[in-house]
Structures are given as C-alpha cells and as structure tokens.
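**Q** Each chain is listed here by its residues.
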Amino acid sequence: MSFALLTAKKDLRRHMRDPVSLLLWLGIPLAIAGLIRLAFGGGGDGAGLRAHVLVVDLDQSFLSQFLLGAMGQQQGGELPFEAEAVDLEEGRRRIDDGDGSALLIIPEGFAEAVLEEQACTLELVKNPAQRILPGMVEEALTMLVDGVYYVHRTFGEPLRSILESEPADGAFTAPNAEVARISVEINEAIENIGELIFPPAIELVVEVPEEEDDGPGIDFGVLFFPSMLFMTLFFLAGGLTEDFWVERTQGTLRRALVTPNRAAAFLLGKLLAAVALIALVSAAAHVLGQLAFGLELQNVPLAILWSAVAGAFLVLVLLPIQLIASSQRAANLLGNLVMMPLLMLGGSFFPFEAMPDWMAAVGKRTPNGWALEQLKAITTGTYDVPSLAVAFGGLLAVCAVLFALCTWRLGGAFARSA
Amino acid sequence: MIEVEGLRKEYGDLVAVDGVSFTAEAGAIYGLLGPNGAGKSTTIGCLSGLLEPTAGSVRVLGRDVVGEALAARESLGVVPQELALYEDLSASENLAYWGGAYRMRGGELRARVAQVLEEVGLADRAKEPVKRFSGGMKRRLNFACGVLHRPQVLLLDEPTVGIDPQSRVRLIELVREQAAGGTCVLYTTHYMEEAESLCDRLGIIDGGKLIAEGTLAELRGKVGERDLLRLAGVFDPERVRAALEGVEDLDVVQADAELVMLAVPGASKRLPSLFAVLTEAGADVRETTMTQPSLESLFIELTGKELRE
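Residue numbers (the working numbering), protein chains in the order written: chain Z, 1 to 418; chain X, 1 to 309.
Just so you know, these hints were derived from the structure itself, not from any lab. Note that the structure is a prediction, hence the values are computed from the model and not measured. For each residue, glycine too, the CB sits at the ideal point set by N, CA and C. Watch out, some of these pointers could steer you wrong.
Said to hold, decoys possible - Okay, the calculated bits of chain X under chain Z, using three or more residues with CB under 8 Å as the criterion: (1) 67-77; (2) 97-108; (3) 246-257.
Said to hold, decoys possible - Facing chain Z, according to a computed beta carbon distance under 10 Å, are these residues of chain X, among others: (4) P80; (5) E82; (6) L83; (7) A84; (8) L85; (9) E87; (10) E93; (11) A126; (12) E128; (13) N142; (14) H149; (15) L216.
Claimed, not checked - A few chain X positions that, by computed beta-carbon distances, are all more than 10 Å from chain Z: (16) R220; (17) K222; (18) G282; (19) R286.
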C-alpha cells in the first residue's frame with residue numbers, strides 16, 4: 001500500500017474515532033433536509049401534526065353529534081383533529097395515562113341549553129405531557145363552539161322543531177309536511193341573512209405566467225437542496241483543512257516529512273480521506289433528499305460523484321489559506337473571510353432564484369456558485385453530458401494546480417516554520 | 001555515519017546555526033549539549049532533511065540529505081522533541097502507520113510492532129488510544145516510532161523532556177541499547193548529567209556555534225583544575241572587575257550587580273583573600289557556591305552563562 005493510501009486509511013480511522021465530529025458532519029445535511037422539508041412541505045403525504053381527541057358525549061343529541069361530526073371532518077386539514085368517541089371512565093383513564101392530546105366532555109343537556117340560550121360548559125381536559133397539540137385543540141374547539149352558537153342563532157327555530165320532533169329512540173324521522181315546513185324556514189332564514197353573510201363576491205383573478213423553460217416542473221425543495229448540500233460541503237471542507245494545523249501542532253506533519261516519502265503523497269492521502277468523507281456525507285444527504293423531496297434516483301450517483309470532486313476542489317481552495325496563515329487562529333479567520341462571502345454569493349445561503357439578477361450573475365461566476373449550478377443541473381436531470389464532461393475535466397485540472405501549490409507550501413514553509 | 005561540515009542555517013537576519021562541523025560514528029552516542037535556543041533542534045532539522053541548510057553539507061551514510069533526500073531518509077530514524085503521535089489511534093496503530101511509512105508490511109511489521117512495544121514496556125497497552133497514556137508512556141511510544149524500522153542513524157531531539165524519572169531511566173537504557181546494536185545516535189539535551197552519563201562524544205553548542213567538541217575526558221581537560229566560584233550579593237561590576245584584575249591565576253567569568261562568577265584553582269583555600277578584595281571593592285557577598293571542575297563549569301567558562309538560563 002502506498003504512503004498516500006496508508007495516510008488516507010489512517011485519517012479515515014481517526015475521523016471514525018471522533019464520532020462527535022462525524023455525527024455533526026452527517027447531522028448537518030440531516031438537519032438541513034429536515035428544515036427544508038418543514039419549511040417547504042416536502043413531498044410527503046400531507047399528514048401533519050394531528051391531535052388525538054377523546055370525546056365523551058353524555059348528551060347524545062343532534063347538536064352534540066353535529067359537534068362530533070365537525071371535529072371528525074378533515075376537509076382541507078382545517079381541523080387538526082382525530083376524534084374518538086369513548087365513555088367517561090375510559091376517557092379519564094386514558095388521558096391520565098397520557099393516551100391522547102385532550103379529553104372533551106360534552107355534558108348532558110348540552111343541546112337543550114344551547115337551544116334555550118342557557119349557559120353551558122364543555123369540559124376539556126388537556127394532556128399535560130403535550131404542549132402544542134392540546135393548545136391546537138383548545139383553539140379549534142373555541143372556533144367550533146362559536147360556530148355552533150351562530151348556527152343556533154340563525155336556524156334556532158327549525159332546529160328546535162327538529163329537536164321537539166325527536167322520538168324517544170333518537171331516530172330523526174318526521175312527517176313530510178314537517179320536513180317541508182322546516183326546509184322553507186331554513187331557506188327564508190338564509191335569504192334574510194344572505195346579504196350579510198354572503199356579500200357580493202369580489203372576483204379575484206390570479207394569473208400565474210407560465211415559465212418559458214420547457215423542462216420538467218421543479219419543486220422548490222429540490223432546487224434548494226443542492227444549495228444546502230454545498231453549504232454543508234463547504235463547512236466540511238473547512239473543518240477538514242483545519243486538520244493540517246492539528247498535524248503540524250502535534251508534530252506528526254514533520255515526522256511524516258522526514259520519512260522517505262514525498263510531501264505530495266502525504267497530502268494526497270489526506271485529500272483522499274477528505275474526499276471519501278465528503279462522498280459519504282453527500283451520499284447520506286442525497287438519500288435523505290430522495291426521501292424528502294423525491295430526487296430522481298437515477299441522478300443520485302452522478303450527483304454524489306460531482307459532490308465528491310467539488311468537495312476536493314473546496315478543500316484545495318481553502319487549504320492554501322490554512323497553509324499561508326501565520327497561526328491556526330489567523331487561518332480560521334482568513335478562512336471565514338473567504339468562505340462566508342463565497343457561501344452568500346455562491347447560492348448556498350440564498351438560492352440564485354431568490355437573488356437580484358446582478359447578484360445571481362456574479363454568484364454563478366464564483367467557483368462554488370459555478371459548481372453548485374452543475375450540481376443543480378445533475379440533481380434535476382437538466383444537464384447535458386458533453387458540458388458536464390468539460391466541467392469535470394476543468395474541475396480536475398484546477399484541483400491539480402491547487403494540489404501542486406499546496407504541496408509546495410506544505411513541504412516547505414508550513415512545516416518548517418513550526 | 002554522520003558528517004556535518006560548515007553547517008549554517010539562517011532565518012532572515014537570524015543565524016540559527018553558524019558553521020557547525022562534527023562527525024558521529026556508528027555504535028556511539030554523540031551528544032549535542034546546549035541551552036534552549038542554542039541551535040540543537042535546527043541542527044537536527046537540517047540532519048533529518050526537514051530544513052534546507054543555508055550553507056554547508058550534511059551527509060548520512062555518505063548520502064547528502066539535500067541532494068539524495070529520500071535515500072538518506074531511508075536509514076534515518078527521528079525522535080522529535082514534541083510527541084508526534086496520533087492521540088485517537090492506539091499505540092500499535094501509531095507504530096503500524098509509521099512503520100508503513102518506511103515500507104514495512106504484513107507479518108514483518110506486526111512482529112516488529114509487538115517487539116518494540118515489549119521493549120518500551122507498552123505491550124499491555126497496545127490497543128489503547130494514546131490519549132489515555134501518561135506523559136512518560138507517550139515519550140516511550142514516541143521513541144518506539146523512531147526506532148521501529150531499525151534505522152542505522154538515530155536522531156533524538158531532547159527525548160526526555162518533561163517525563164518522570166522512571167521513564168527517563170528506561171529511555172536512556174533504550175538509547176544505550178540502540179548504540180550497542182551498532183546504531184549511530186545523535187542525542188541533543190540541555191541536561192548536563194544526561195550528557196555526561198550517556199554520551200561518548202559531546203559538542204557544546206551555544207548561539208548557533210559549536211564552542212567545544214570532544215570526548216568527556218577531553219572536555220574536562222579543557223576546564224583544567226579550576227573551580228567555579230559563584231558569589232551572589234550586591235556588587236558594583238566595574239569596581240569588582242578592577243579589583244580582581246591584579247589577582248593572579250583568576251578569570252572573571254561573569255560580573256553584574258547581583259552575581260559574580262570566578263574561575264580559580266584551589267578556590268576553597270583562596271576564599272578569605274578573595275573576600276577581602278571584594279569587600280574592598282564595595283561588594284556585599286551573601287551567598288557563595290563552589291563547583292569543582294565539570295562539564296557545567298566548562299560550559300559556564302565558555303559561554304559566561306549557566307546551561308539552564
């Protein structure tokens with residue numbers, strides 16, 4: 001095994017022995033993918049947070065059934081409920097056990113009290129172990145109760161008729177004449193309040209101009225994913241270049257340089273280890289990206305390859321700063337001074353699509369911005385093979401030049417000035 | 001084995017090593033003795049090929065360390081002053097990496113790693129990460145990494161700095177074993193007693209210059225029979241120098257407001273007369289130390305300062 005491979009193996013082993021850093025590196029894309037998914041809704045099944053509400057209906061009336069029915073509806077996800085009818089004993093036991101977000105108790109005489117416009121209390125027991133979901137239940141129930149009140153104010157008389165005609169067995173059957181009379185009353189009531197609750201509609205015309213691009217439709221999350229990945233790679237590359245200072249400070253760099261091996265072999269080994277780690281992080285990010293945004297699977301291997309080569313490029317862009325600086329602190333300061341503007345301009349903090357035209361034009365000409373555009377094209381499947389081949393060749397050529405520069409510095413003043 | 005001729009190393013205006021020449025032989029320990037900043041590590045840096053000399057030449061086993069760098073390094077083992085180890089890796093992983101750097105492979109490497117770990121007393125800690133080791137254990141492992149590939153020339157840069165007495169004794173034994181096995185050892189230190197007990201030949205270096213060189217006996221001969229008298233108190237340096245100028249067979253090594261050092265034969269017998277002269281010169285002597293002829297007194301005589309300054 002050559003010294004370069006030996007060094008790469010040694011570095012990978014060292015990185016694996018530092019699980020905190022490794023988890024942070026792997027966690028960055030995970031966290032970023034999660035944030036994007038939360039921010040843009042991802043490509044999931046639309047199931048968000050839903051509260052599980054246990055409902056005890058002691059009234060068993062038309063209105064209590066109406067309230068239960070309203071809670072059960074999922075139309076447009078307006079109410080974040082999942083109602084389950086239980087008896088009182090079971091409800092109290094389960095909420096005490098923390099099973100459910102809240103327990104709603106509709107008291108006996110609820111419908112009568114509403115129709116007689118008397119005070120009535122709904123009891124809501126919230127699960128103290130949960131913070132957000134019970135709060136959502138409380139807010140939504142307040143709206144529902146208001147709704148029930150307005151239904152009563154508007155259709156009070158017909159409803160009272162229905163209630164009075166309710167037979168003892170609870171079946172809502174009435175003579176046809178009675179049904180017709182109630183219907184006419186409801187219709188009149190609607191006509192009377194129509195002008196108030198159904199004001200003349202103002203037509204809103206929304207025009208969404210179609211993009212000229214005839215390519216496939218692209219989800220914003222998919223578009224933003226490469227930016228976030230590149231930010232991750234940038235930070236990762238920055239962290240990996242700092243390891244050269246660790247090697248220098250602990251004396252292992254000088255020990256390596258007095259072995260019968262060239263400085264280039266040592267640098268190549270460290271670079272190979274860095275590329276392997278970058279590829280690993282990139283692969284993890286792409287798997288998550290595929291799950292979160294439904295990235296095209298067929299583009300993922302090429303995207304990982306491009307990320308790895310671009311990662312090596314980022315390492316070699318940041319490494320000269322480390323090797324030229326007079327101290328590790330100065331190196332980190334200089335590195336941040338270079339990295340932050342590049343990240344901002346290069347489309348990692350904000351996608352080019354969200355930038356003013358002039359800024360996007362400048363950003364796409366930064367090294368990382370250019371590499372990011374290639375990655376976007378790969379991820380979205382809008383690349384063309386000859387251009388990408390040229391891009392790969394160009395990137396590798398620049399890497400070779402930077403590698404030579406770094407070798408010269410590493411084996412020279414950087415190691416000797418320690 | 002090691003031939004250094006007119007070695008000079010400059011860093012801008014600073015001359016770190018100035019015209020150093022010496023030869024070290026196989027099976028012997030050559031000591032470079034000098035205070036911190038004397039130029040010992042720079043000399044080792046030039047010998048190992050890490051630093052490029054400004055002038056002069058360094059040859060290891062007849063190979064020029066600049067012109068034939070990689071070939072010269074094949075036969076070199078370096079034990080640097082700092083603990084050049086990977087703390088996250090185990091002792092055996094560190095050794096395997098550095099052995100691999102000298103093209104040792106497979107069974108040969110594994111056998112040698114086990115042997116060296118046994119020699120430095122770390123066999124039972126072979127699998128532990130180095131970060132759990134004590135300072136002395138790290139020093140021994142640092143040494144082991146330098147000798148793993150059985151170098152013909154071993155450069156040791158203050159290998160016993162900051163370790164416990166037990167580890168120091170063990171390390172010195174290991175260095176002796178290397179020399180006994182035919183290795184040419186170059187050993188830098190600022191510990192006088194270490195140099196006296198360990199080295200077959202010594203070079204005293206200060207300010208980048210080799211100010212004395214020879215076997216221990218030869219160097220002691222240079223001091224002669226003169227004792228070193230160290231007087232602490234309150235002095236007027238000019239009056240002291242003037243008063244002592246006429247005293248026969250006496251050298252003023254150092255004279256300042258708080259310390260006067262004199263090289264004088266039979267110092268104990270001459271103390272009363274010397275005190276009389278110093279009192280006449282307005283001196284207030286509060287403490288007197290007398291050192292018999294030694295490497296330390298030679299160093300003080302040659303440099304005008306103590307080794308640990």
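**Q** Work down the list of hints and note, for each, if the structure agrees.
**A** Hint by hint, here is what the structure shows:
no., hint, in the structure
1, 67-77, "holds (count 5)"
2, 97-108, "holds (count 7)"
3, 246-257, "violated (count 0)"
4, P80, "5 Å, holds"
5, E82, "4 Å, holds"
6, L83, "7 Å, holds"
7, A84, "3 Å, holds"
8, L85, "7 Å, holds"
9, E87, "7 Å, holds"
10, E93, "7 Å, holds"
11, A126, "15 Å, violated"
12, E128, "12 Å, violated"
13, N142, "9 Å, holds"
14, H149, "9 Å, holds"
15, L216, "29 Å, violated"
16, R220, "34 Å, holds"
17, K222, "34 Å, holds"
18, G282, "49 Å, holds"
19, R286, "44 Å, holds"
Hint compliance for this structure: hints 3, 11, 12, 15 are not met, and every other hint is.
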